[in-house]
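Assembly of the complex is requested from the two constituent chains, each provided in isolation within its own frame, with the hints serving as guidance.
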Amino acid sequence: MSVTAFLTDSTLCIGCKACEVACKEWNQVPGDGFVWSGQSYDNTGALGHATWRHVKFVENGTVPGLGGNSPETFSLGFSSDVCKHCENAGCLEACPTGAIVRTEFGGVFVQSDVCNGCGYCVVTCPFGVIEKRPYDGRAFKCTFCYDRQKEDLQPACATACPTESIKFGNIDDLRAMAHDRVRELSDRGFRDVHLYDPVDSSVGGTHAIFVVRGDPRTYNLPPEPEVPTVYLRKGWTSAALAGGLMVAATFLAFLGGRR
Amino acid sequence: MKHVSESVEPVVIPKLPRELREKRLQELRLEAKSAAITQAQSRNELAPRATPETGYYGNALLKKPQWTKEIPLYFFCGGAAGAAAIIAAVAGKTGRHDSLARDARAVAAIGGAISPALLISDLGMPSRFLNMLRIFKVQSPMSVGSWTLVAFSSSSVAAAFLDLWRRQDASTIRTVWPLQTASQFLSAITGAVISTYTGVLLGATAIPVWNQNAGVLPIHFAVSGMAAASALLELRGHESPALNAIGIATSLGETAVGASIELRKNSALKPLKSGSSGWLTRIGGLLSGPVPLLFRLLALAGDEKRSRRYKKIAAVSSVAGSLATRFAWTKAGAPSAEDTALLLRNHS
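Protein chains in written order, with the working numbering: chain A, 8 to 266; chain B, 2 to 349.
Read the hints as simulated data drawn from the structure, not as lab findings. Heads up, some of the hints might be wrong.
To be verified - Mimicking SDA-like on lysine to any residue, the simulated pairs with C-alpha atoms at most 25 Å apart in a straight line are: (1) B:K34 to A:F41; (2) B:K65 to A:E94; (3) A:K241 to B:I136; (4) B:K138 to A:S209; (5) B:K34 to A:F81; (6) B:K138 to A:L248; (7) B:K138 to A:E94; (8) B:K34 to A:E66.
Nothing here was measured: the structure is a model prediction, and the numbers come from that model.
Chain B with its partners taken away, still in its complex shape (with noise of 0.2 Å):
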């Protein structure tokens, strides 16, 4: 080894004159206490410290969700899709809501498409979303999604089609029923589990404000879903008494949700109730529970075109209100991950 490090020649580093040092080593100074405390004794007393009761300076102790806002995107659009199936399939039971029933399809059907879109388009690596169905997972509620989401649109996007399909074609009527059946119950049923299983997915985690709701969030959802996709369909145009019931039953559900969000003294919740977070909850509780509820209440009471314009006001707000439910959920998620003091406080 001695004659290879004889060979070698030493590297010059060319030296800069003093002053110029001086300059620089000035500018680094500068540089230094423009970021940071450079002197031990004079320490601000202000700046973050390493203690139990704040952690290390005060630095997240979890990350960050690193989902963009396709996910709360899709929590609405898979939410609405899934009741939006049950709808269709119950609605398309009873035999007097024909029309109803179809655009109930159709809502899931759409939403059965745009759903996966949505979710590949989140991934770091879209061309591997097939890695998904690579294996079955019970006790990963991402693993259990995706296998419930592939059933899900595939029979949704198949019942709308096999139920045009028998329209069309009144011969096919024989062979086609009992496929249009079997999809339609496949999507009612795997609608019900898409609609719910987001608040397990954000229930399961290691961020305090998803995880101490975790029995709260799926129920939130499925409320928040069968608004939803019930406002869609009455803005379609559909003045059902039965749409109208679960507006009322929806929004007096959400209220009772928002109640409890904020009267229940948990620390945890506090993304809910302050920050920008806490407004959209807020907002968001607004617009789906007491705003619709009053409407949909003054809509008994007035006149038939009064009331119909009262319902749709309902209607959008419901939808609205969803919408902002999902995003404030998810938006929740990155100030309690920073919430390093909660997580250093002994539980019980």
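Next comes chain A alone, as it looks inside the complex (with noise of 0.2 Å):
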């Protein structure tokens, strides 16, 4: 048992989306409805209650040298997103029933027996991932595959990844990884490496990093992800200001007439 994580190198990624597939077998998540989006090759839009690993798809343009060497077609950047299992969880944080819980694994995981659905996990994702299932009530999002984890196995979509671009194992194996991976690709010539991966930000880091090409905010991966909690202290500061002021306004209101 050790602290795991997902490193999904979108450099690999060929768009097969075997581990939204995968993921939806394994865990057993229903149908989030077919629609054509209009946006390439994906169809599935975001993550949400019925979608914990989404394959996104961005075109990048007719850049020589950028996927295929033709002038003429365009290059796919893939990248598949999941639940970033933050280290200070905004979802965990603000879970009013204990539902939300951090596995042995580092993983964060809604007990579904507990869950009684008041949706306040909802706002304060700053991913923008867990989601209450309209037709059942509770929220939803990935588990990190923790009953396979207890057995040893990997999660699904890291199983079924033909390519290896989503790599699951030891949090630290795969920070070191990853930032090799980014010296590697950057010096066979490709400067548009990044790796996101917001340690320096509120939420901690996170148990799910990427290698992509391009601004990471073309996935809408967000440069400054905050923890919601951060905003207590102001408000709580303002709540108990507010509250004086009610009861010396009240006071004076009542007492400050007799005179």
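In structure tokens form, the structure reads like this:
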């Protein structure tokens, strides 16, 4: 048992969506509808209550050398998105029932038998991952395949990935591997490779890190994710002030008039 | 394994006649064309793209709040009830506002009874509402609020009930009085929390329009709750100068908050200034601030009959304004969650 993580190396992703399918199958995630999104080959849209892995398709324009060498064909960037399993998780901090817990593997896990569907986690996730399932009432997201990890198995998505774009393992090993990979690609002339690993934000790092080409924001990865508990001090200070003001004003109104 | 696969008969998919296949293919082409761009080279330049500025095809980075209308309604009810509990405790102390204090107690008790019902009906699994009391979590405003609401509702109902009992049966005054005082005190203290914590609840989220107002929300909600409670008591027929003073103070406060929202230049405040949530914010702001303020000032000058009517108009406006304000703040969450460009802009 060690603290584990995902390293999703988009430079190896071929956009096959096997991770989406494997996740659905293993976790028995219900269907999320079928619509033509008009967004490249991605008709999934975003992570949600019924989508725990989501392959993003970014069309990068006709730059020779990026992807194919033909100037008529645009290159595609693929990246498989997943719950980030934050070190300081907004959803976990906000959950009033204690349904959301931290597992021994470092993941953030929703206990479906405890969740009562208050919906507070939905607005406290800085990555827009967790969502309430309307026809069920409870909130759902990636479990980090807690059941499989318990049995020393890899998560379903990482197991199914045919190109080892989704790597799973000890978090420190994967971080080192990610830095090596960025250096290696850079040495080979890929100057636009970035590691998305928000350790310096208030989220304090995640258990899902990404190697992407181009700006991570293109993949809706926020540059400065914030755990909403950073606003608690300001909020409660203001609330204390406001409460005191209410009491003082009422006293003033009712006793001030006596004179 | 080999002999198993041999024993399974291959599934034969009946083939459609060629014309029908072509027809179906054409149908699929048309369906795809109506919803998406099907040819890479003739890309619609206006269609959303994946760029660092707009994010992934402009798709929402955050999830929209999934709360139902019970939540803003609870913000209103709880806010007014909490403030009414403070008025009940203070007015009761003066000894000169007995009937006002009794009505304030009733407002607190009724609000304290409705509030949990509203919250429970918003839950995805209402039967599990007691799970809120499995644990106490300081870092979760939802947990702090749930526990406070339990204390507030029970103490407010107890204060109202014990007060009635004391009035009915004078012989119980010795035994009931300490209990009644204690529950009244608890109700007022927790009432101050109930009226303000909802602002912390919205402030401590990932939604920019809320967290950029983490300091404003509790104060705005306190003022709004106080205005609604005092206006409700006025509408019950209590013509107390104290309530009028609260009315003037709260409408002044609301005017200040409204002006600060309009004047602050922060792109996170866009949902408060444009779209349907923007209009609701402005309507709520006007009804809570300048409108009642104007009528209360007019009431100071006019004759008694006219002044009474003006105060009544001010009170109705304040209640409606408080309700609209709660809905406006909650409604602003959705467009804010969808403002991906704002979230991707580097702060500082």
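Status of each hint after checking the structure:
Straight-line distance between C-alpha atoms of K34 of chain B and F41 of chain A comes to about 15 Å, which keeps the hinted pair within the 25 Å bound. Annotation: proposed proximity of K65 of chain B to E94 of chain A holds, straight-line Cα distance about 23 Å (limit 25 Å). Between K241 of chain A and I136 of chain B, the direct Cα distance comes to roughly 24 Å. Compliance with the 25 Å bound is thereby established for this hinted pair. At most 25 Å may separate the alpha-carbon atoms for a hinted pair to count; K138 of chain B and S209 of chain A meet this at roughly 20 Å.
Between the alpha carbons of K34 of chain B and F81 of chain A the distance comes to roughly 20 Å, so the proposed pair stays at or under 25 Å and holds. About 22 Å separates the Cα atoms of K138 of chain B and L248 of chain A, which keeps this hinted pair within 25 Å; it holds. Our distance criterion of 25 Å between C-alpha atoms is met by K138 of chain B and E94 of chain A, whose separation comes to about 18 Å. Under the criterion of a C-alpha separation no larger than 25 Å, the hint pairing K34 of chain B with E66 of chain A is consistent with the structure, at around 19 Å.
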